[in-house]
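Spelled out from the first residue to the last, the chains are:
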Amino acid sequence: MSTQFTAEVFQNQFLPQGSREVHAIMTVNAGNDTEISSSALGEQLFGIICDTSGSMGGQKIRSAKDAMIKAVNMLPEEAHFFIVTGASQARLVAPLMQATPENKQQAIFHIRLIEASGGTLISTWLSAALKQFQRMPTAIRQALLLTDGQNDESDEKAFDHTLQACEGVFQCDCRGVGTDWRVAQLKRISSKLLGTTDIIANALLIEADFQTILQQAMGKNISDVSMRLWTPQGAKILFCKQVSPDIVDLTHRAKSVKPQVVDYPTGAWGKRESRDYHFCIEVNPGNVGDEMLAGRASLICTIDGTETKIAEARILAVWTDDDAKSTKIDRRVAHYTGQAELAQTIQEGLEARNRGDVEAATAKLGRAVKIAHESGNEATAKLLKTVVEIEDAPTGTVRLKKAIAKEDEMALETRSTKTTRIPKS
Amino acid sequence: MLTTQCPTCDAAVLQDDQFCEECGTALRTIASGCEKCGASPDTIDAEGFCGQCGFRREAKEGDRVEVILNSCLAGVSDRGLRHHQNEDFLALQTIGNAEILIVCDGVSSSDHPELAAQTASESAGLTIASALQAKASPESAIRSAVETALLGVCRLSEGQSGTEPPSTTLVAAVVQNGIVTIGWLGDSRAYWISDSGSRQLTHDHSWVNDAIASGKMTAAEANHAPQAHAITRWLGADAKEDAAPEIVQFPLPGAGYLLLCSDGLWNYAPEVQQIQELVQKSLGMDAVTIARSLVEFARSRGGHDNITVALFIHHSLDSD
Chain A
1 MSTQFTAEVF QNQFLPQGSR EVHAIMTVNA GNDTEISSSA LGEQLFGIIC
51 DTSGSMGGQK IRSAKDAMIK AVNMLPEEAH FFIVTGASQA RLVAPLMQAT
101 PENKQQAIFH IRLIEASGGT LISTWLSAAL KQFQRMPTAI RQALLLTDGQ
151 NDESDEKAFD HTLQACEGVF QCDCRGVGTD WRVAQLKRIS SKLLGTTDII
201 ANALLIEADF QTILQQAMGK NISDVSMRLW TPQGAKILFC KQVSPDIVDL
251 THRAKSVKPQ VVDYPTGAWG KRESRDYHFC IEVNPGNVGD EMLAGRASLI
301 CTIDGTETKI AEARILAVWT DDDAKSTKID RRVAHYTGQA ELAQTIQEGL
351 EARNRGDVEA ATAKLGRAVK IAHESGNEAT AKLLKTVVEI EDAPTGTVRL
401 KKAIAKEDEM ALETRSTKTT RIPKS
Chain B
1 MLTTQCPTCD AAVLQDDQFC EECGTALRTI ASGCEKCGAS PDTIDAEGFC
51 GQCGFRREAK EGDRVEVILN SCLAGVSDRG LRHHQNEDFL ALQTIGNAEI
101 LIVCDGVSSS DHPELAAQTA SESAGLTIAS ALQAKASPES AIRSAVETAL
151 LGVCRLSEGQ SGTEPPSTTL VAAVVQNGIV TIGWLGDSRA YWISDSGSRQ
201 LTHDHSWVND AIASGKMTAA EANHAPQAHA ITRWLGADAK EDAAPEIVQF
251 PLPGAGYLLL CSDGLWNYAP EVQQIQELVQ KSLGMDAVTI ARSLVEFARS
301 RGGHDNITVA LFIHHSLDSD
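Protein sequence lines, in the order shown, are assigned to chains A and B. First residue of the first sequence? That's 1 in UniProt numbering, and the numbers climb one at a time after it. First residue of the second sequence? That's 1 in UniProt numbering, and the numbers climb one at a time after it.
Derived by calculation from the structure, the hints in this document are not laboratory data. No experiment lies behind these values; they were computed from the predicted model shown. Take the hints with a grain of salt, since some may be wrong.
[Claimed, not checked] To give an idea of the chain A side of the interface with chain B (calculated C-beta under 7 Å), a few residues:
(1) P232
(2) Q233
(3) E291
(4) M292
Even for Gly, the Cβ is constructed at its ideal location relative to N, Cα and C.
Bound conformation, chain A alone (with noise of 0.2 Å):
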């Protein structure tokens, strides 16, 4: 009956005298027979948000239509779904419906019937949308947003009111087309929803693209599942990121469950997923000798309206004299710990670009290349190579290409938080 999630801590366990600091990788491992759902029927609803703004006119919006029709028509007779398009205001193309292949039809009809016009008021289509996730609550909710612009300026303080109501309510991916669009805007929704960001900067791949993630949203069979972690009283949590297969900072999502618990949204889970947490924990300093429970970390899921625990892994924390035990440093803790340094020095390195600032920017990016070399994490390094010269990889020296495509840009700035795994030895 219960889905065969396990956990794993990877952790140097033993501190010197009077530190404080626990630092632990966790790896959760969803089983591949899990064949549940937190919603009792397994329900699974998918929408699709996508822009009709004016600057959608010509191939985007066509290639948009191609995309969505292709998508319908791949969807399991068993799902829902809704499409949401959005201008200046957000209509109702095809409101939630089952994918029977009546309505299939119905909703290619209208599709067909779609026409770019008008501006970007994001937060009209997310309210659009939440207003039809929040008809199936208990199903596995994934949206799908495609821009091609930024938002209007007048839209800032309605966006933030509306992403903060979809958040838990729905997750979301986000697909920008083109390279008009704006990195941090997306990422802020899709990181508040859960989701991932990505460019397609060609019109044509957005069919491919949909594809991917409609399949995958397909794939997952257990939603609103929670990391909860329990410490140590007087403890500080002073972070908890998601490390694998991309970076994502939880720290400021964490929801009090009661003192010493804490709960940070994971959302949906698939068959045969598998993500590293990395977290760091600030505790009272034991004696030498001294052993603590530095946290406990449980995956909690909801099923037939019972909160269960699915997994779970214990950080622990040992004071010793001993420098030998205590100067070790986790290979993961260390691999993760680079790959953080990565994703930061690849975004602080296109900023002192942008500014201008050859100097920090050759710096910044040539630490990248270093580590992307070091850790192997092969894809980094390739975008890499967009942007810069390489020279030579093992000590990070490059130089910055005079002339970048933006979409290169782009496509680095957006793919850089994610990471590999460490090799296995």
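Following the hints, position chain B against chain A.
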């Protein structure tokens, strides 16, 4: 000094007494909470971590205990390599012409198994000794010792709302006039080891044995069942009705070794022949040396459980 009455025999006892000096009933109760922050005992988890401050209870002195009464009677109880604490206990005693050996293995799934094992062995040891001094037969001494031990173990959880009262196995042996009398509950074992024929003297009160005895399964099938090692009888407040020990008597046929042990040892040497070979490696050594070598053997194999061995070397009737 405050005095109160022993719940078993009504003798006057002091408030701080751990045992009734008249009848051996254990008087202690679970009281200790967190030593670091003073949290109450129910905040301490099964591994000894405090649910409030996170600190773990100091490792106990009982991690390894060696009891050496003489060159022929000794025992070792060891935490092993995997468990956080030693939840086994042993008691040895000589009274006049009798030797008493007791091994207890606290049930890990119960609350404070280490206190259950310690209380049961100490209390049973004291009771057998005083019964034998009062000229009781070994069998009736063991029976009343188990009753007394049960009271002591039940008392541990008195007033506690825990769902798993402290529980333990128990095997007790009395050697007197060339006969060994053994009483037991659970899967702690007694063996007779001798060149002229070794044998296991107890049979485990375990799920696997029940399944085979009932004819529902073959030994091979039953041994593979996940619950194979679950014990079906024990000493604890949740099994009061079923706490009468099974008793066997065995006339010692000549020189040899009487060995009591917890499953931390026999899991690595399930056949009597294997135990015999291990003992024979230390031929001519004194009891504690042999006991140590058996414990070391279990540790070298992984030491997954606590390991306790009590050994009596029987030279022969004439030399007693």
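Verification of the supplied hints:
no. : hint : result
1   : P232 : 3 Å, holds
2   : Q233 : 5 Å, holds
3   : E291 : 4 Å, holds
4   : M292 : 4 Å, holds
Checked against the numbered hints above, the structure breaks none of them.
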